[in-house]
Every structure is written in structure tokens, then in C-alpha cells.
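Trainee: As a plain string of letters, each chain reads:
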Amino acid sequence: MSPVVGKPVNRVDGPDKVTGTGRYCGEIVLPGLAYGLIVGAAVANGRVVSIDETAARAAGGVFGIMTHRNTPKVANQPRLIPSLAGQPAPGESFFPMQDDVVHYWGQPVALVVADSEEAAAHAAALLDITYEPGVPVATIADGRASATQAKTLFGGLMPATDERGDVEGALAAAEVTVDATYHFAANHHNPLETSVTTAQWDGDRVTLWDSTMGVRASQLTVASLLGIPLSDVRVITHFVGGGFGSKAMVWPHVTLAAMAARHVGRPVRLALTRPQSFTSNGHREEQEQRITLGAGRDGRLTAIRHRKLSVTSPFDDWAEPATGVSTQIYGCDNYLGDHQLIHGNTMTPTFTRAPGESLGSFTLETAMDRLAYELGMDPIELRIMNHPPVDNHGNPWSSDGMADCLRRGADLFGWAGRDPTPGTRQEGNDLIGTGVAGAGYPVAFMMPVQHARARIFHDGSVVIQTSAQEFGIGVTTSMSQVGADGLGVDMDVLRFEAGDTDLPNTTSAVGSMGATMQSSAVHNAATTLRNDLIAHAVNDGKSPLHGLSPSSVKVADGRMTSTLDPSIGESYADLLQRNRLLDMEALGSWTPPGMDTPHGLLTFGAQFAEVAVDKDLGLVRVRRMTGVFAPGRVLNPKLARSQLLGGMLWGLGQALLEGNQIDRQSGRWALNNLGEYLVPVHADIPDIQVDFVEVEDDVVGPLGVKGVGEVGQVGAAAAIANAVFHATGRRMNELPMTAEVVMNGGGPG
Amino acid sequence: MRVTCVVNGETREADDVWPGESLLFVLRERLGLPGAKNACEQGECGSCTVYLDGQPVCACLVAAGQAQGRTVTTVEGLAPGSGEEQLDRVQRAFLATGAVQCGFCTPGLIVAVHDLLARDPAPSDPDIREALAGNLCRCTGYEKIMEAVRLAATS
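For the record, the sequence lines run as chains A and B. Position 344 of the first sequence, counting from 1, maps to 344 under full-length UniProt numbering, and the rest follow consecutively. Position 84 of the second sequence, counting from 1, maps to 84 under full-length UniProt numbering, and the rest follow consecutively.
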């Protein structure tokens with residue numbers, strides 16, 4: 001086993017963060033920097049009739065005002081394709097300020113550039129904009145009658161329907177059925193750093209410091225919209241204050257920053273305000289899901305019908321795909337999953353942590369709990385009994401671990417001896433309940449070839465480079481570990497450089513794929529350079545290793561030695577210096593398997609929760625949670641554990657706190673700040689336990705990394721909802737389960 | 001207007017300050033101290049926590065003029081020197097426990113924890129949770145931050 005991969009190494013970017021010296025993309029110091037501010041539409045549907053700029057222009061410090069009258073026309077509006085596919089990745093197939101039409105509340109209608117944030121805000125307030133408003137349709141309640149069956153999702157990348165067998169026939173014949181419909185409020189990402197882009201032109205070339213989850217996606221999208229070569233767009237990102245999906249796709253403000261910098265002839269910083277982050281970088285859409293399960297008395301599933309209805313924009317058939325897990329985590333011959341869409345007055349929704357499957361799994365896993373009660377079976381045994389060795393195409397899992405996660409979680413949580421009868425445990429005013437859910441998240445393969453470069457200097461120091469940036473998940477640290485082991489050097493002599501489109505390509509760190517893709521490319525670059533150095537040594541007549549077979553040379557701490565006689569050897573530095581080589585480098589590449597790879601590709605886990613529900617007030621407190629996951633190779637358990645804990649807390653937020661709705665009259669989001677859109681705080685956290693089940697996986701990449709970014713959230717809300725049922729005897733059909741929902745909603749199981 | 005205050009031990013002046021500006025804007029945009037972060041703009045998230053005359057405040061809620069003649073300490077001013085061994089015990093504990101992810105909430109949290117431990121050298125877990133409930137973190141799930149506070153308290 002290698003020396004540092006798998007060790008809980010401290011973050012290499014930690015010191016810059018604890019001292020406040022790391023520069024995020026809104027903190028780049030440039031001479032003459034101007035500040036941009038977007039002005040969003042104050043209607044959700046209609047037309048801009050007039051914009052009077054007189055007072056705004058007369059305010060101090062204003063460098064320029066852009067509206068649809070003077071904003072350059074975009075060269076090529078790319079269609080929406082997910083950012084990890086390696087193509088332009090606009091958040092929506094629409095660019096604002098090209099005409100006077102307003103499609104959604106908050107859509108950019110003007111951009112003010114001034115000498116300070118305050119001056120820009122002041123001038124923006126003085127813009128006199130009049131509208132001809134139309135009637136907005138932005139909610140399921142208003143758009144239900146216009147819903148249509150989606151054919152494909154994500155710009156045509158995925159089919160919207162998944163069907164096999166005879167689901168209606170099997171449901172009609174089923175000995176036991178469960179039918180449940182859920183309504184889920186919209187969610188917003190709310191990373192602590194709102195999206196920000198700083199743009200600077202140098203002749204025909206533009207440099208963007210962009211708070212993105214994928215520098216390459218920003219480069220591809222901006223180049224397409226501006227109609228300039230990729231070589232003229234450089235995107236740099238060294239620190240990002242969280243993303244959770246909001247910075248995966250490239251939203252209009254990124255390109256508007258470049259346009260504004262050209263317009264005023266100065267570098268421009270364009271940051272979304274916190275309220276704008278609710279209207280300008282996508283959201284998890286309001287949705288309704290209905291699931292119908294059919295099973296035999298023995299507990300075997302015979303039919304699953306899983307349908308989703310949600311609201312998307314006028315431009316795009318976007319829905320979080322909700323059925324990618326329900327189609328395969330439990331074996332079932334008769335299956336129908338589909339997506340209906342309402343095209344309404346919202347922006348295009350987008351990836352939000354554990355996209356699609358967090359709510360898809362909520363629907364499935366609460367239905368499985370209902371089924372367990374119908375059958376009088378233990379919900380863990382019901383899941384294990386139905387979890388198959390192959391996926392829905394009959395392909396074996398690349399690696400599994402589901403049953404072990406459930407069993408280990410049951411041991412850690414203390415599941416044994418649980419009385420399943422609802423409403424039987426009470427402590428004071430609190431009803432106590434426990435719940436379980438399975439978890440799965442797809443390993444997505446649709447990415448281009450990944451590249452990384454490894455370079456060693458003649459003093460033995462090393463630089464490893466790849467383009468995809470750090471945004472909090474710890475790639476700077478874990479890739480330093482992978483590079484050090486691959487090359488056989490100490491981490492202290494190695495620096496990992498990333499977050500720059502001038503470096504070799506790796507794809508956006510989204511969909512839990514960052515660690516898999518980058519580690520594969522970095523590993524291949526480092527091992528290629530190691531092999532090149534060894535080959536050089538064994539062919540060098542002056543090397544003590546001359547004449548040895550490369551396979552009988554091993555490397556540690558930058559020193560190559562004979563496996564037969566460890567006293568024979570030399571360091572990389574000695575080899576390079578003797579040969580008057582100032583450096584050597586190698587490019588590593590990795591071609592991800594295609595989507596048609598003959599393996600089932602899910603990362604598995606299990607979630608457990610204990611809740612206390614105040615029977616008078618309906619307040620739910622989560623007292624403890626246990627999550628057990630099987631994410632393949634764990635590069636750094638300190639980082640991975642924190643990612644999974646964070647995901648589980650997102651599940652808690654989704655279950656109890658986080659939700660927004662659009663006002664039906666105005667078409668406007670009701671909440672737009674962190675005082676009202678509640679996210680979990682320190683005082684909300686329960687006692688949380690995270691553990692791993694080890695699985696080896698030689699399909700997903702050379703290191704067997706499956707990723708931990710999403711699966712920690714999947715199933716967490718379902719375990720909490722199942723615990724609320726156990727506590728109260730009532731099923732909650734809405735998220736978040738606010739006190740009103742708990743007191744008024746729900747119904748008997 | 002001109003604002004003069006002592007920031008991290010040095011007397012600093014900012015000219016042409018607009019009376020409506022926040023202390024946070026002055027620190028970040030005029031004095032070159034980006035440590036305190038602008039995240040929620042209204043005192044909900046704690047990311048801009050700094051000391052003002054020894055009291056922790058949300059710098060986004062303090063008008064620049066209110067800092068006139070007073071003493072401000074930001075996360076940049078907590079470590080007695082440069083280099084990892086010179087960091088404050090709270091900063092070292094955040095590194096050792098892995099309480100840092102994206103880092104955007106970190107500077108405010110470190111000031112808040114520094115203040116908590118100055119007031120209460122051995123806080124209980126419920127005390128820590130209550131004291132830090134005004135500092136939002138979206139990445140870590142908070143458990144590692146709890147560990148960091150416990151470690152800092154004993155180091």
C-alpha cells in the first residue's frame with residue numbers, strides 16, 4: 001500500500017484559509033478595477049417599456065450602464081449541456097439583455113458599472129425602468145394543466161422516460177401495493193460565497209477570475225458567447241467559497257462581466273448579491289413525485305412506477321433526473337420512470353447537491369418504509385432482499401457494498417430490538433422515532449479525455465498540474481497525495497497547481513466525479529514520469545541501476561533503488577544533474593469509460609436517524625444520525641468524512657428547513673436571504689457518525705475512487721421522514737417538514 | 001470623510017469614505033484585508049466577524065464612521081507571526097482537525113471561536129453550539145468545527 005494515499009493528511013490549502021490570506025475571485029487586486037451590479041427585472045413575465053438613465057448617469061462614479069439597447073449581441077448561444085460533458089455549459093439556453101422581453105423575475109435587464117460597489121448600488125437604484133407586465137405562470141399549482149411529457153433532459157443528453165416490462169399489469173396483479181405522492185419545495189444552494197467574476201481584457205484576450213466549479217466550462221461558454229477563440233479566454237480560479245451546483249453551469253453574469261469590462265475599458269468585478277443568488281444561478285426546482293410500488297407478500301418487488309412533475313424555464317427541458325437510482329437500486333422487472341415538465345416563468349433550474357437522486361431516493365426510500373409496514377417486515381431486511389447483484393441492464397456492479405452498509409449502520413446505530421410500532425416511545429412532550437434509508441448515487445461517465453502534467457526539477461522538487469480547481473472539497477490535498485505516491489516522492493517536495501485553463505484539461509468537479517477524474521489523470525501523469533525516470537536510469541551507463549530491468553526498480557522519497565539490493569540506487573535529482581537535465585516532464589491522460597460500460601455504476605450507502613417530535617408544536621429535532629458509505633478508494637479520510645458529514649447535514653436541511661416558493665401573483669421568490677431561507681446551524685446538529693465500507697473497484701478508474709460529494713446527502717432526508725413516521729404514526733408528504741406540515745399535513749401510514 | 005483606526009496593531013487611514021459604507025467594505029476594499037468575508041450582507045452568517053474594541057461584531061453591520069478612533073482586529077491579525085508554528089491555537093486546531101473546507105466561513109468562525117475561548121476556556125458542547133450558531137458553514141456539517149474548538153480549548 002502506498003505511503004500517503006488513504007492517510008488523513010492536513011489540507012495543503014488550510015494555512016491560506018485560516019489566516020484569511022487566500023484570494024477568492026472577488027478579491028483580486030487590479031489597478032483601475034470597476035464594480036458591476038446587475039439590475040434584475042421587477043416583473044416575471046412581460047416587456048421592458050422604457051429605461052430612463054438620466055438620474056443614474058448623473059450620480060457620482062458611474063462608468064457605464066448597459067441595457068438591451070447597447071449590450072453586444074452574443075455570437076453563438078450554446079444549448080444547455082451539463083458542464084461535465086466538456087462542451088459549452090450555459091446555465092440556460094438564453095442570454096439576457098438581447099431584447100426587451102422578460103421571461104422571469106430577476107432576469108438581468110441592466111448592468112451598472114461604477115467606481116465602488118456602493119456607487120453602483122446607488123446608481124442602480126436611480127434607474128427608472130417601466131414594464132408592461134404579463135401574467136406569470138411559475139408554479140405547479142398554476143401550470144399543472146399545461147404539463148407535457150419530456151422526451152429528453154439536459155439538452156437531449158438523457159432520455160426522460162425509462163420503461164421495462166409491464167408495469168400496469170404487474171401493479172394490477174400485485175399482492176401488496178403502496179402509492180404515495182409528495183410535494184417538494186424549491187431549494188437554493190447558498191454557498192457562503194455568492195458567484196463572482198472579475199474580468200480583465202488585454203487587447204483581444206480576456207482573463208476571468210471566476211468562482212466556478214469548472215474553469216474549462218467557463219472558458220468554453222464565454223468563448224462561444226463572445227465569438228472569440230478559446231486561446232483568447234483564460235479562466236483562473238484559486239479559491240472558491242463553495243458551489244453545491246450553483247457554480248457548475250455558467251450563468252450570464254460571467255459573460256456580462258467580460259462584456260462590461262470591454263464596455264468601460266477597465267477591469268470589472270461583477271458579484272451576485274445574496275438576493276440575486278436566489279434568481280441568477282439556478283435552483284432545485286419545485287417538484288411533485290408520485291411512486292407506486294407493487295410487491296408479493298414475500299416482500300419481492302414486482303413493479304415500480306415513479307413519476308416526476310416539475311417547473312422549468314421557457315428555454316430548456318431541465319429536470320433533475322429523479323429516477324436514476326429507483327430504476328436499479330432494487331431489482332424489479334416492471335418499471336416506469338418518467339418526467340413531466342411545466343414551462344413557466346422561472347430561470348432554468350440546475351444541479352443542486354445530489355441532483356435529482358436526493359429527492360428521487362426520498363420518494364423511493366419512504367415508499368419502501370411504507371411497504372415494510374404493509375408487509376410487517378424489517379425495513380433493512382426488505383431492502384437487502386430486493387437489492388440485486390446486477391443493475392437494470394443485467395450488468396454486475398463495478399463494486400457494491402449496499403447490504404454491508406445497511407448491516408454495519410444497523411450495528412453502529414443500535415437498530416436491533418427496535419419496536420416498529422409507531423408512536424410508542426415518548427419522553428416528556430417528545431415523541432421519539434428511528435428510521436432507515438438506503439442510499440445510492442450514479443457514477444456518471446460522459447466526460448472527455450482527462451489530462452495532467454507531472455514535472456520534476458533537477459533538485460528533486462515536483463510540480464503536478466491540471467486545470468480543474470479547488471472549491472473546498474480538498475483536491476489540492478488529495479491530488480498532492482496521489483501525485484506523491486505515483487511518482488514516489490515525499491509530499492513536502494511536491495506542489496499541486498490547478499485552477500487555470502492554461503493547464504492540462506480536467507473536467508468540472510461536479511456530480512461527485514472530480515476526485516475520480518482528476519486522480520486518474522494525476523496518477524497516470526505521475527506514474528508515467530516515474531517510469532520515464534526509471535527507464536532513463538537503467539539505460540544510463542553511469543547509473544548504479546544500469547542494466548536492471550525497470551520492474552526491479554522501486555522508488556521512495558525520490559530515490560530509485562534495486563528491489564534485489566536496496567543499497568544500490570540513486571535519487572531522481574542525481575540522475576537529472578548528472579545528465580544535465582534541468583527537468584523532465586510527462587503528460588498523463590485518462591479516458592473515462594463510456595456510458596455504455598458493461599457495469600452497474602452506483603455508489604452505495606445507508607442512513608439512519610433518530611428524531612424527537614414535539615407533539616404539541618410539531619417541531620422536529622434530529623437527535624442522532626449514522627451514515628455508512630462505500631465510495632471505493634478513500635484518498636483522504638479526513639477530507640472524505642467531512643464531505644459526507646456535510647452531505648448528511650444537507651439532507652437534514654432538506655428534510656426540515658430548506659424550501660422556497662414563488663409567489664403566484666408576482667412570480668417572485670418569496671425568500672431571498674439567509675435570514676429567511678433557513679440552513680442548518682451549529683445549534684441544529686445532532687450527534688453524527690460516519691463510517692465506511694471498503695469496496696475495491698477496478699472499473700471506475702485506476703485508483704478505484706467513486707466519490708463522496710453527493711451520496712452523503714442521499715437518503716438522509718428519507719431516514720428522518722421515516723423516523724418522524726415511527727415517532728408520530730403520520731406520513732409527511734411534503735419537504736421541508738416544517739412545524740405546520742407536521743401538525744397539519746401528512747396522514748396515517 | 002477620513003476614517004482613522006487601529007487595525008491589527010497598526011494605525012490605518014482611509015480617505016474619501018462614503019458615510020454609508022460598512023466597516024467590512026473599508027477593511028476589504030480600502031485597507032487590503034480580504035480575510036473578513038462578505039457573504040450574506042445583513043449579519044446573518046457571521047463570515048465577516050471581527051473584533052471592534054475587543055468585542056466580536058459583524059463588520060457588515062458596522063458603519064465605517066463607527067470605527068473612527070477605535071481598534072479593529074481581523075483574522076489576519078490573530079497570529080503573532082508568519083509561518084504555521086506561529087499561528088494562533090484556534091487556527092492550528094482548525095488545520096489539525098480538518099475543520100476547513102471551502103474556507104469562506106473560516107475567518108469569521110476563527111474570530112468567533114477565539115472570542116468564545118477568551119470568555120469561556122472550557123465550553124461544553126451545547127455552549128459551543130449556541131455560541132457559534134450565528135456562524136453559518138455550508139460545507140463541513142459542523143462536527144469538525146466542534147472538534148477544532150475542543151482541541152483549541154485544551155492546547
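Any given hint could turn out to be false.
[Stated by the list, open to error] Here are the simulated SDA-like pairs of lysine to any residue, each with C-alpha atoms no more than 25 Å apart in a straight line:
1. A:K638 / B:L61
2. A:K638 / B:L151
3. A:K554 / A:D583
4. A:K151 / A:Q87
5. A:K7 / B:A112
6. A:K7 / B:R129
7. A:K638 / B:A96
8. A:K638 / B:R89
9. A:K638 / B:R2
10. A:K638 / B:L52
11. A:K638 / B:V57
12. A:K615 / B:P126
13. A:K638 / B:D53
14. A:K7 / B:P126
15. A:K7 / B:E147
[To be verified] Stretches of chain B that chain A covers, calculated by requiring three or more beta carbons in the stretch to come under 8 Å of a beta carbon on chain A:
16. 1-13
17. 57-64
18. 68-76
19. 112-123
20. 132-146
[Stated by the list, open to error] Take a look, some chain A residues computed to stay more than 10 Å from chain B by CB distance:
21. K17
22. E118
23. G541
Don't read these hints as lab results, they were simulated from the structure. Backbone N, C-alpha and C fix where the C-beta goes; we use that ideal spot for every residue, glycine too.
Trainee: Now, for every hint given, state plainly whether the structure supports it.
Mentor: Quick rundown of the hints versus the structure:
Restraint check: the Cα-Cα separation between A:K638 and B:L61 comes to about 35 Å, which exceeds 25 Å; the hinted pair is violated. Proposed proximity of A:K638 and B:L151 is supported: the alpha carbons are some 16 Å apart, at most 25 Å. At roughly 20 Å between alpha-carbon atoms, A:K554 and A:D583 fall within 25 Å of each other, so this suggested pair holds. Of the pairs offered as hints, the one joining A:K151 and A:Q87 holds, with about 22 Å between alpha carbons and a cut-off of 25 Å not exceeded.
Proposed proximity of A:K7 and B:A112 is contradicted: the alpha carbons are some 30 Å apart, above 25 Å. Straight-line distance between C-alpha atoms of A:K7 and B:R129 comes to about 29 Å, which puts the hinted pair past the 25 Å bound. Distance check on the hinted pair: A:K638 and B:A96 sit about 10 Å apart at the alpha-carbon level, within 25 Å; holds. Restraint check: the Cα-Cα separation between A:K638 and B:R89 comes to about 20 Å, which is no more than 25 Å; the hinted pair holds.
Distance hint between A:K638 and B:R2 is unfulfilled; the C-alpha atoms sit about 47 Å from each other, more than 25 Å. Distance check on the hinted pair: A:K638 and B:L52 sit about 35 Å apart at the alpha-carbon level, beyond 25 Å; violated. Of the pairs offered as hints, the one joining A:K638 and B:V57 is violated, with about 31 Å between alpha carbons and a cut-off of 25 Å exceeded. The hinted pair formed by A:K615 and B:P126 meets the criterion: a straight-line CA distance of about 23 Å does not exceed 25 Å.
In summary, the hint linking A:K638 to B:D53 is not supported, as the alpha carbons are separated by about 37 Å, beyond the 25 Å threshold. Between the alpha carbons of A:K7 and B:P126 the distance comes to roughly 31 Å, so the proposed pair goes past 25 Å and is violated. This hinted pair checks out: A:K7 and B:E147 have alpha carbons roughly 19 Å apart, not beyond 25 Å. For a cut-off of 8 Å, the count of residues in the region 1-13 of chain B with a CB near a CB of chain A stands at 0, and the three-residue condition is violated.
Figure legend: the region 57-64 of chain B, annotated as covered by chain A; annotation inconsistent (0 residues with Cβ-Cβ distances under 8 Å, at least 3 required). Under a criterion of three residues with beta carbons nearer than 8 Å to beta carbons of chain A, the stated coverage of the region 68-76 of chain B is upheld, 3 such residues being counted. For the region 112-123 of chain B, the stated coverage by chain A is not satisfied: 0 residues place a CB nearer than 8 Å to a CB of that chain, which falls below the threshold of 3. For the region 132-146 of chain B, the assignment as covered by chain A holds, since 15 residues bring a beta-carbon within under 8 Å of that chain's beta-carbons and 3 suffice.
With a minimum CB-CB distance of about 3 Å to chain B, A:K17 fails to clear the 10 Å threshold, and the non-interface call is violated. Distance check on A:E118: its Cβ comes as close as 6 Å (rounded) to a Cβ of chain B, failing to clear the 10 Å threshold; non-interface status is violated. Residue-level check passed: A:G541 sits 44 Å from the nearest beta carbon of chain B, beyond 10 Å.
When held up to the earlier numbered hints, the structure conflicts with 1, 5, 6, 9, 10, 11, 13, 14, 16, 17, 19, 21, 22 and fits the remainder.
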